[in-house]
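Put together the whole structure using the sequences plus the hints.
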Amino acid sequence: MDESATWRLPESDWYSPRRLHDCPTHYSFPQAYRQKLIENLSLDSQGRPFKIMVFRGSPKSSRKSIRFVDELRQEVAAIFEKDCKQTPYRCIPKGEKRVLDAPRLRNDYYSNIMSWGINNILAVALGPELYLWNSEDQAVHKLLQVRGGNDWPTSVTWSEDASTLAVGYMCSNLQLWDVESSKLIRSLQGHSGRIASTAWNGHILTSGSRDKSIINHDVRAANSLASCIKRHADEVCGLKWSTEGNRLASGGNENLLYIWEASKMSSSKFLHRLSDHCAAVKALAWCPYQNNVLASGGGLSDGCIKIWNTEKGICINNIETKAQICGLEWNRHHKEILSGHGYSIRENQNKLCLWRYPSMTKVGELGNHKSRIINLCQSPDGITVISAGADETLRFWDVFGPPTAGAGNSMVSDLQGLLSFRTSLLR
Amino acid sequence: MASRTVAKDIITLRGSAAIVSEFFGYAANSVMFFYSILYNRGVYPEESFAKVKKYGLPMLLTQDEGVKSFITNLTAQLSEWLEAGKLQRVVMVIMSKATNEVLERWNFSIETDSHVFEKGVSREKSDREIMREIQAIMRQIASSITYLPCLDEPCVFDVLAYTDTDVAVPFTWIESDPKLIANPQMVKLHSFDTKIHKVDTLVSYKNDEWDEQ
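Residue numbers (the UniProt record's numbering), protein chains in the order written: chain A, 1 to 427; chain B, 1 to 213.
Treat the hints as calculated values from the structure; they're not laboratory data. Everything hinted at is true.
Capping the alpha-carbon separation at 27 Å, the derived lysine-lysine pairs in DSSO-like fashion look like this: (1) B/Lys97 to A/Lys362; (2) A/Lys230 to A/Lys312; (3) B/Lys86 to B/Lys68; (4) B/Lys68 to A/Lys312; (5) A/Lys306 to A/Lys362; (6) A/Lys142 to A/Lys97; (7) B/Lys179 to B/Lys86; (8) A/Lys264 to A/Lys212; (9) B/Lys86 to A/Lys51; (10) A/Lys51 to B/Lys68; (11) B/Lys188 to A/Lys51; (12) A/Lys322 to A/Lys306; (13) B/Lys179 to A/Lys51; (14) B/Lys53 to B/Lys198; (15) A/Lys322 to A/Lys94; (16) B/Lys86 to B/Lys188; (17) B/Lys51 to A/Lys306; (18) B/Lys179 to B/Lys97; (19) A/Lys51 to B/Lys206; (20) B/Lys53 to B/Lys188; (21) A/Lys97 to A/Lys370; (22) A/Lys322 to B/Lys53; (23) A/Lys312 to A/Lys264; (24) A/Lys51 to B/Lys97; (25) A/Lys306 to B/Lys68; (26) B/Lys68 to A/Lys362; (27) A/Lys322 to B/Lys68; (28) A/Lys306 to A/Lys230; (29) B/Lys53 to B/Lys68; (30) B/Lys51 to A/Lys362; (31) A/Lys212 to A/Lys269; (32) B/Lys51 to A/Lys322; (33) A/Lys51 to B/Lys198.
None of these values were measured; they are calculated from a predicted model.
Below is the structure:
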């Protein structure tokens with residue numbers, strides 16, 4: 001009997017479990033058989049030729065995708081597939097690098113009382129007082145104190161070049177301070193309710209208020225009011241300009257998220273009105289490595305981080321954290337996003353959660369806060385994140401490092417690094 | 001060309017393709033068969049799956065968006081080929097993440113009744129019968145853990161499609177070798193057929209080193 005015939009067992013026999021019992025479990029297929037197998041691989045049992053393909057899921061599909069959302073998601077994922085280098089697993093610190101005492105820090109979800117400027121100074125409002133903490137020499141300096149007891153800072157933001165500090169108040173006042181000389185430069189009017197959020201875009205300072213309006217101030221002009229937008233139905237608690245300065249995201253207490261184009265703001269015509277969240281939208285953060293991608297976080301009844309393509313106004317990813325989200329910060333050095341949490345009935349209460357992007361798988365969680373986190377901000381070098389908690393502490397986490405020395409993704413951080421170097425020289 | 005399902009029990013080619021490709025991956029972001037394998041074989045951790053009910057059986061779907069969209073997109077293409085009568089086989093290959101060695105091979109061979117394809121004739125078989133057959137296979141996959149060797153190292157998976165040679169390779173696919181297992185053990189599972197498509201299931205796996213000589 002020739003060898004090749006031995007191996008041509010009838011189909012039923014070959015597949016029968018009984019064969020496994022009765023026959024030896026190891027086979028060494030002779031070369032002749034292997035040859036036959038290779039020949040037969042291109043023909044199936046009916047003698048039909050075939051070809052074999054493996055799915056690779058790369059960016060562009062040659063046919064229209066049934067699910068548009070998946071196509072968008074694939075585009076996002078593919079951009080990273082192309083550019084990404086296999087970053088080795090890095091350690092997420094379990095403990096804080098530093099804890100600062102923050103007495104009288106107001107336990108108010110809607111305020112944004114922390115800002116870390118490019119000048120390496122952290123401005124933080126504790127009750128009626130505003131302090132400046134220098135991250136280089138840890139020197140503390142009190143910038144201002146509000147007397148009277150019924151007014152206090154509710155929103156603090158450094159301008160992009162850290163030359164001016166914008167401070168919004170409970171009583172609706174908005175002030176610009178020059179920190180070098182500790183002097184008030186000017187007061188801006190316009191709102192009739194507390195200033196919950198502020199954001200800079202070059203010489204434009206945008207403020208969002210409990211009076212439901214968004215005002216754009218041109219700080220160079222004598223009459224600063226450039227435009228006033230009344231679209232939100234409740235307090236505007238989240239406000240962020242995109243890195244290129246062409247789009248503004250505004251989140252309201254009525255659970256809506258609006259996307260605005262810089263050029264069309266005076267007409268109050270929004271680009272997108274997104275109503276996917278079921279709670280206040282305070283946490284907003286634009287993706288540093290992809291134009292027009294925005295992350296938004298919802299309050300207690302929502303607890304979702306949503307990733308948006310603001311070009312098309314579509315939610316491309318959604319992760320349920322099941323906890324109130326008070327802040328979102330993108331990691332510029334690795335493809336990750338960090339969320340800060342407050343109340344929760346289920347999990348992630350008072351924690352910081354780190355998510356891989358774009359898969360949105362959880363990398364880890366940190367947090368030793370005894371009560372909810374109110375605000376998050378990150379350092380100019382993009383390594384450290386501070387969480388301000390209702391337990392009256394500011395906790396510093398070196399969670400975003402180490403910085404990668406690669407082009408593309410870390411281009412922003414390289415530029416930033418150059419800027420801080422230059423700034424610190426001047427100091 | 002084939003028409004849409006009209007009466008409840010009569011399945012036309014499109015209806016059949018929908019059931020068969022649902023068999024491989026059904027609508028609304030979920031995949032029955034692939035996930036069942038991924039879950040039962042432990043390719044992804046149990047916690048990353050959520051339970052839903054489909055075909056009368058509780059089914060597990062992954063929460064991992066990456067895996068979800070990967071499988072949704074690939075099954076969209078499989079549906080297309082299936083409807084065109086060009087898909088011969090679908091193979092899910094489970095490999096060691098560290099060494100890329102193929103540890104398991106889940107082979108689904110598809111036979112299309114060519115008569116129906118060409119003339120668009122309807123055949124009769126009740127949905128219930130088909131679902132029962134699918135259920136039988138799902139149960140067999142679940143019980144496969146009793147004889148398949150443990151995959152106790154991190155694994156990854158790939159999906160291969162065997163198509164007619166005149167099919168153009170789409171951008172999201174590349175030509176591949178069959179990723180066979182050397183000296184495999186094989187077990188044939190139940191098949192199911194809709195009288196238009198017939199799907200045969202076979203799992204082949206690498207010999208457990210601890211088997212007696």
